[in-house]
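Q: These protein sequences, in sequence, are chains A and B. Letter 140 of the first sequence, counting from 1, is numbered 140 in my numbering, and no numbers are missing. Letter 199 of the second sequence, counting from 1, is numbered 199 in my numbering, and no numbers are missing.
Note that these hints are calculated values from the structure, not bench results. No false leads were slipped in.
Here are the simulated DSBU-like cross-link-like pairs (lysine-lysine), alpha carbons at most 30 Å apart as the crow flies:
(1) B/K51 / A/K206
(2) B/K94 / A/K8
(3) B/K166 / B/K33
Listed below, chain by chain, are the residues.
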Amino acid sequence: MAVEGIKKAVRIAVASGKGGTGKTMVSLNLAAMFGQPVQLADCDVEEPNVNLFLRCELFDRREVTMLFPEVDVIRCTGCGACAKLCQFHGIVSLGARTLVFPELCHGCGGCLRICPTGAITERPHLIGQVAVGQHGNIRFLEGRLEVGVSVVPPVIRAVRELLLDDIPAILDAPPGTSCSVVATLRESDYVLLVTDPTPFGLHDLKLAVATVRQLKLPCAIVVNRAGEDQVGLYHYCRTEKLPVLLSLSDDRQIAEVTSRGDLVARALPEYGLMFAELAAKLKQELLTAGCQL
Amino acid sequence: MIKKHIRELVILSGKGGTGKTSITASFAVLADKAVLADCDVDASDLHLLLKPEVEQRHVFSSGHEANIDQIECTGCGLCLDVCRFDAVRTNGTKYWIDPVACEGCGVCVRFCAAEAIDFPERHCGEWMISDTRCGPMVHAHLGIAAENSGKLVSTVREQALALAVKKQIPLIISDGPPGIGCPVIASLSGVSLALVVTEPSVSGLHDLQRVLALARHFSVPTAVCVNKWNINSQQADRIEAAARSAGAGTTSRIRYDRSVTEAQLQQKAVVEMDTAVADDIRQVWRQVSQML
Numbered sequence: 001m002a003v004e005g006i007k008k009a010v011r012i013a014v015a016s017g018k019g020g021t022g023k024t025m026v027s028l029n030l031a032a033m034f035g036q037p038v039q040l041a042d043c044d045v046e047e048p049n050v051n052l053f054l055r056c057e058l059f060d061r062r063e064v065t066m067l068f069p070e071v072d073v074i075r076c077t078g079c080g081a082c083a084k085l086c087q088f089h090g091i092v093s094l095g096a097r098t099l100v101f102p103e104l105c106h107g108c109g110g111c112l113r114i115c116p117t118g119a120i121t122e123r124p125h126l127i128g129q130v131a132v133g134q135h136g137n138i139r140f141l142e143g144r145l146e147v148g149v150s151v152v153p154p155v156i157r158a159v160r161e162l163l164l165d166d167i168p169a170i171l172d173a174p175p176g177t178s179c180s181v182v183a184t185l186r187e188s189d190y191v192l193l194v195t196d197p198t199p200f201g202l203h204d205l206k207l208a209v210a211t212v213r214q215l216k217l218p219c220a221i222v223v224n225r226a227g228e229d230q231v232g233l234y235h236y237c238r239t240e241k242l243p244v245l246l247s248l249s250d251d252r253q254i255a256e257v258t259s260r261g262d263l264v265a266r267a268l269p270e271y272g273l274m275f276a277e278l279a280a281k282l283k284q285e286l287l288t289a290g291c292q293l
Numbered sequence: 001m002i003k004k005h006i007r008e009l010v011i012l013s014g015k016g017g018t019g020k021t022s023i024t025a026s027f028a029v030l031a032d033k034a035v036l037a038d039c040d041v042d043a044s045d046l047h048l049l050l051k052p053e054v055e056q057r058h059v060f061s062s063g064h065e066a067n068i069d070q071i072e073c074t075g076c077g078l079c080l081d082v083c084r085f086d087a088v089r090t091n092g093t094k095y096w097i098d099p100v101a102c103e104g105c106g107v108c109v110r111f112c113a114a115e116a117i118d119f120p121e122r123h124c125g126e127w128m129i130s131d132t133r134c135g136p137m138v139h140a141h142l143g144i145a146a147e148n149s150g151k152l153v154s155t156v157r158e159q160a161l162a163l164a165v166k167k168q169i170p171l172i173i174s175d176g177p178p179g180i181g182c183p184v185i186a187s188l189s190g191v192s193l194a195l196v197v198t199e200p201s202v203s204g205l206h207d208l209q210r211v212l213a214l215a216r217h218f219s220v221p222t223a224v225c226v227n228k229w230n231i232n233s234q235q236a237d238r239i240e241a242a243a244r245s246a247g248a249g250t251t252s253r254i255r256y257d258r259s260v261t262e263a264q265l266q267q268k269a270v271v272e273m274d275t276a277v278a279d280d281i282r283q284v285w286r287q288v289s290q291m292l
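Only chain B is shown next, with the shape it has when bound in the complex (with noise of 0.2 Å):
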């Protein structure tokens, strides 16, 4: 398998908790073969639904942070006045960097005249190649209030790509992360498809428009999909007649029903339980492995 012949679909939403996750498991159960990943490195939780095991870990180390060595540091206070992230903190006669404001530019560690600060690398989080008993999952976590989250995306991503490459498999599938920034831009430039899942809100509506002016930044196809339409279905209405207007594709709707929790608590995929909502998304995989 050549790089050019492998499709990747990632799903997204923009608004949080539409039902990304649960989608992309069912997809995951669905397609014949696929390697999977989970681009939401922050809050990662596909992994509660397909109970990898992890074959091999690997830390993931981006960029340097900032560290003053007391003793070097002569407290002249010049690191203060070139960090513009306000990441160097002091009480008048000590200077500290708060780790966590810190954007590692090194700018400090350049123009310290004592030398004092050091700069090391910084390690953000791991990553994981797992086998699942839906094909291979590659997936990370982010380290607590880590930054780099998009240069975990795109290295989970490019993960999910040479094992595709190596295991002869056409397709990716991506559980993406909410929003519009960094880690969802890392997610979804490239991919041969973006499904956004939405759901019948104001707040749906709003969240996906901008997410599909994103998508048409990067030049990707879409296609939209109503997940627990039955909540407000003139809302449902509106967002299918956007998502036309702004040049995307529609799939059929998902209803609204608690077996999805209760598929989350028995750690199954909605499709491997036998409902109505499960018929739902099999007719979105069908449509969805269509456009693909």
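Next up, chain A with everything else stripped away, as it sits in the complex (with noise of 0.2 Å):
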């Protein structure tokens, strides 16, 4: 989105509104499965787990801060600026004592621009980290919250930052619709949502669509463990023009190779040839749509 000068290649999110439908397995086979170079961006960074199918070396860690405010006491006056403009009480004036809450902290700078006698400084917080690795054609990257941090949205935009422009991107978002499944399909291109045809599955599938059409991007389907569709998602998919792009069978050799950690386009060639076919059909979405490959 709202490129100048040169385009940047390709960014493509999966995603899917309800946990568990499958999105870090397509994301991957659709990475296997490319045919050139492609990055592949673990934004799921409560949980990753891309590279525990990777295994690859990690190097170029980062760590990701963010800046808290940090008073001086002997500065302050107490005159309660900053608490006022604060909208989320992370920094609180008790008379001639101003505390700073961290965990309410969006980083937001305020307080420091407001302090009239220049007691408020900036300390950087530890809250997650981010690297890269390298498995064949795959250029990986991966953030990873803290543990206890609540703040989601940065570490997804310090992993967005480390992507090279020149070669397509796949990003495996976190599930849900709320702000970090927002942080990761921000200045995306496409989206790729995966759902499965149970009443879950569909309901939040609506959500998800929502969510990507309020920010004005074209998504495509996969359905994950399709069997007898006993909920009309198919139905629905042609109703919203949404295009089917794969429907993986619910077949249990799927769940017994993903749960060791296997990719199932290498484990079983027949579904390696189904994700190849997936990556041919995106990219021809793709193109129609306008990204570059």
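With the hints as a guide, dock the two chains, each given alone in a separate frame, to form the complex.
A: If you want it as structure tokens, here you go:
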């Protein structure tokens, strides 16, 4: 989105609404069968799972930090301007004392800017890590939230910043539809939504489609564990003009291979062909949508 | 009933799709008396099984969002400089706010020299109090692409607690969100017991360990239940060993069975059908209710 000058290679987000529909499995196998160098970014930073499958050595580890305020008690006059500005109760004024609550702070820097005596400085706090690896044709990126930290989007932004502009990228998104999903989808060019033909799967797919449409992104569907469609999933996709690019059967072998941390496309060749076909169809859709491969 | 006598059980998972909601609905049926809370506010599914009749509906507003008045704006660009969330967009002359990126910090509003930025309340979703065949239920849904899921979860929990006090119900059962971030922390802190439902896969184990670390961080007692154990029984063994070494309790296992989807289709909890997997869940419930 919003590209000036040279056109960047496409960024495809793989999202779902409902958790456990197979986003990571689809991202991985699509990357493995993409047929050209590709980047695979694990943006599910709360629970990053991609490298359990790639098992590649990670290098270029970087810390992701957020700036939290610190108050110099000597300079602070207790005027309360910072507390008045703060929308999140991250900094509170109690008479002469000013207290910071880092777990509530969003790092907006407003308190620092408003303080009339320059009593507030900022210090970086660790909120996560990002790292890079290489697995054959796949350049792999991972974000990992520190346990106990609640702010997720800055870690996802840090992953996105590591993406190279000239290689297509697949972004494995977190489940749901909230701010961490939006942080992944923002500045993507295309979204693949993975679902299954269950009541939960269809209900959450509709939420995911609404999110994608709010962001004005084109999208297509992958149906996982496709058996008898008793919920009208395909009918919904047709009505909403959502192309279904792949239906994977409800095959216990896929669950078993995935449970061991292996790639379905490699362990089960018939599925390898299906993922290659998915890649081909997706590229066709991307070209139609005006994306750069 | 006073607050401190009310027990609160939250069902979590780390990894999504391990069966939290199916198990929560079954517990709701099996529990003698409980208030139900759906804390998975951005992809809530419990209502699909419990078919709540909504009695009260409330707008959830949280925080504010910035909005540049195009007539008052002088185009000085200061808002762009002060925003740390990449929410101010410009084409060089005109400035506007991307509502999806705006965190509602109000810094641009405060520093705009022309006072050209409005800061209205942000509607983030709604929460409801409902009646179900298993007792009262508090649930919510977050607006599409909205912020503040953690605050909405806290609202759901506060309302569930108030309902438990009012109706003299000693137990709250919450269906939690996946992950370990903001809404999970809001669901977890201060509960009596977190039951972590996982699946026997490399991802299940990895994600479980992060949830257990989070629960330790907040000093919440935990028990672990392996769902769909027969997909990979060796991995199920490894998961239970990891749970024990992390100081968590373990329950008996639940088998993988297609009748779980069948129950969903019939809008029933698994234990409302006569199947082997229903017996597995009954067994887990007996153990969990002992731990509470």
